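The working numbering applies: residue 18 is where the sequence shown begins, and numbers increase by one.
The hints are simulated quantities; they were obtained by calculation from the structure and are not laboratory data. Hints are supplied without guarantee of correctness; some may be wrong.
Claimed, not checked - List time: in silico SDA-like cross-link candidates among lysine to any residue, alpha-carbon distance up to 20 Å:
id	residue 1	residue 2
1	92	175
2	54	92
3	343	193
Said to hold, decoys possible - Restraint ranges, calculated between C-beta atoms of paired labels, are given here:
id	residue 1	residue 2	range
4	394	374	54 to 64 Å
5	77	481	52 to 62 Å
6	281	145	17 to 27 Å
7	115	77	46 to 56 Å
8	100	205	36 to 46 Å
9	449	390	33 to 43 Å
10	178	88	45 to 55 Å
Being a predicted model, the structure only gives us computed values, none of them experimental. We put the CB at the ideal spot given by N, CA and C, even for glycine.
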Amino acid sequence: MNAPAINTKRLFTASRIAVVATAARFVAISAMMAPLKGCFGLDNEQVGWIGGAGLWGFTLTMLLFGSLCDLFGMKLVFRLAVLAHLAGAMAMCLANGFVMLLGGSLLLSMGDGLVQAAGNPLVVTLFPDRKTEMMNKFHLWFPGGIVICGLIAFALDKAVPDVWQAKLAMVFVPTVLYGAMFLGQRFPTTERVQLGVSFGQMFRETFFRPLFLLLALCMMMTASIELGPNTWLTPVLESAGIPGILVLVWVSLLMALLRQLAGPMVRKLAPLGILLCSAVLSGLGLLGLSYSHNLVTALAAGTVFAVGVAYLWPTMIGITSERVPKGGALALAMMGSVGMVAVGLITVPMMGRVADGHIHEHLPVRETTMCLQHIVETYPALMRQAQGRSGDDLRQALEAAQAALAGRTAAGVLPEPQAVAALRSAIAAAPQSEAAQTARRLIGPAETYGGQVAFRKVALLSIILAAIFGLLCINDRIRGGTLPG
């Protein structure tokens with residue numbers, strides 16, 4: 018009996034829906050960061066680890082299954098992605114604290130990694146003569162999915178503002194859909210197998226070719242510029258009273274539209290020219306976002322940022338496939354992996370630490386001291402009325418406020434981390450109390466300032482990238498279109 022023919026259109030469509038599922042995970046985590054702080058009393062670094070796990074867990078699966086995609090087969094890898102997405106969403110919905118939240122986020126990101134591990138080699142195999150263009154059209158459904166899911170998340174915030182778990186439901190629909198579309202489909206062998214390249218050759222091309230190592234370094238920086246700030250965009254802008262999820266939707270809509278136009282852009286500027294322009298614009302946009310204090314300026318800066326980051330990820334994958342073709346699925350997996358590990362283990366937690374380190378600069382000492390004293394005076398009465406876990410949370414908030422006041426210097430200066438932690442604990446323990454509302458008014462502008470300082474730090478990477486891509490463009494032109502290996 019003859020094997021069914023390869024349905025290129027269905028495989029490509031299903032793989033793009035799988036990318037929508039990864040976007041749903043990203044939106045859910047981003048939109049939940051602020052509520053998780055209040056619900057579980059987490060600090061910025063803990064929330065950064067949860068957001069970061071949604072990125073670096075990607076690396077574990079993409080590196081393993083991407084490098085062995087030829088052995089496992091792309092169909093099996095996609096099936097595992099379905100299981101990881103469903104299990105991760107369920108774990109986070111049922112979470113009772115930081116550890117379960119971290120574990121659920123890790124499972125979700127492993128699903129994302131599996132999608133990329135199978136999706137990237139599938140696209141370059143289906144479209145060998147249009148790799149960069151089709152890679153952009155494949156990846157356009159990440160920002161496209163963010164637009165769709167971002168609007169859903171905004172509606173959920175209005176309908177059920179206290180049910181953060183509702184946002185995780187967005188992961189289930191595209192996951193079930195792409196899983197069903199792949200059923201019964203025949204997958205092609207990978208490009209590396211079709212070229213007759215051995216595993217040893219693929220390994221050498223990936224780990225011992227200077228060009229690939231340079232591209233991998235650039236991938237770490239481009240991913241940090243795109244995904245690091247995107248993870249913090251919603252909570253930082255919402256701290257300033259700006260609907261951060263709407264800015265994220267606007268940025269993502271522009272990215273999706275620009276990726277759809279990747280074909281003419283690739284023909285006009287070539288991949289390296291696109292990367293050079295992207296580095297400059299993304300840095301300018303990120304700098305603008307770091308000084309935005311209203312919706313108009315945030316949208317304007319977000320527009321520049323979107324134009325800058327739109328082509329970074331897919332073009333880096335595409336140029337790797339074009340310039341290092343014998344690297345096969347391993348090279349593509351390594352590119353995605355180093356990008357995500359940089360964002361998850363370095364950029365996102367670093368942004369959290371930078372934000373925490375600058376919050377105190379915008380906390381007025383006198384008002385903060387009065388707020389802490391108000392907590393000490395009023396929370397004992399709330400404790401007597403509370404029961405179970407609520408009473409424990411109130412007790413911890415009271416003790417945190419007492420410790421912060423006890424740590425004051427002779428000049429009345431509060432201990433920085435303890436004071437911030439005490440305000441957050443008070444908000445988490447009794448969000449409707451007068452003291453918590455005062456704490457929220459104090460810490461909101463301070464959170465915004467800290468996050469914007471973190472944006473400025475990340476923007477410095479654009480200068481380095483512009484220099485590297487500029488030199489590569491010059492070298493490419495001198496050598497007639499071929500980068501040295």
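Status of the hints after comparison with the structure:
1. Restraint check: the Cα-Cα separation between residue 92 and residue 175 comes to about 39 Å, which exceeds 20 Å; the hinted pair is violated.
2. This hinted pair does not check out: residue 54 and residue 92 have alpha carbons roughly 38 Å apart, beyond 20 Å.
3. With a C-alpha separation of about 34 Å, the suggested pair residue 343 and residue 193 falls outside the 20 Å cut-off, and the hint is violated.
4. For residue 394 and residue 374, the hinted distance range of 54 to 64 Å is not satisfied, since their beta carbons lie about 30 Å from each other.
5. The given range of 52 to 62 Å is broken by residue 77 and residue 481, whose C-beta atoms sit roughly 27 Å from each other.
6. Residue 281 and residue 145 have their C-beta atoms about 20 Å apart, which keeps the hinted 17 to 27 Å range intact.
7. Residue 115 and residue 77 have their C-beta atoms about 20 Å apart, which leaves the hinted 46 to 56 Å range violated.
8. Distance hint check for residue 100 and residue 205: the Cβ-Cβ separation is about 23 Å, which falls outside the suggested range of 36 to 46 Å.
9. Here the CB-CB span from residue 449 to residue 390 is close to 20 Å, at odds with the stated 33 to 43 Å.
10. Hint check: residue 178 to residue 88, Cβ distance near 47 Å, so the stated range 45 to 55 Å holds.
Taken one by one, the earlier hints fail for this structure at numbers 1, 2, 3, 4, 5, 7, 8 and 9, listed in ascending order.
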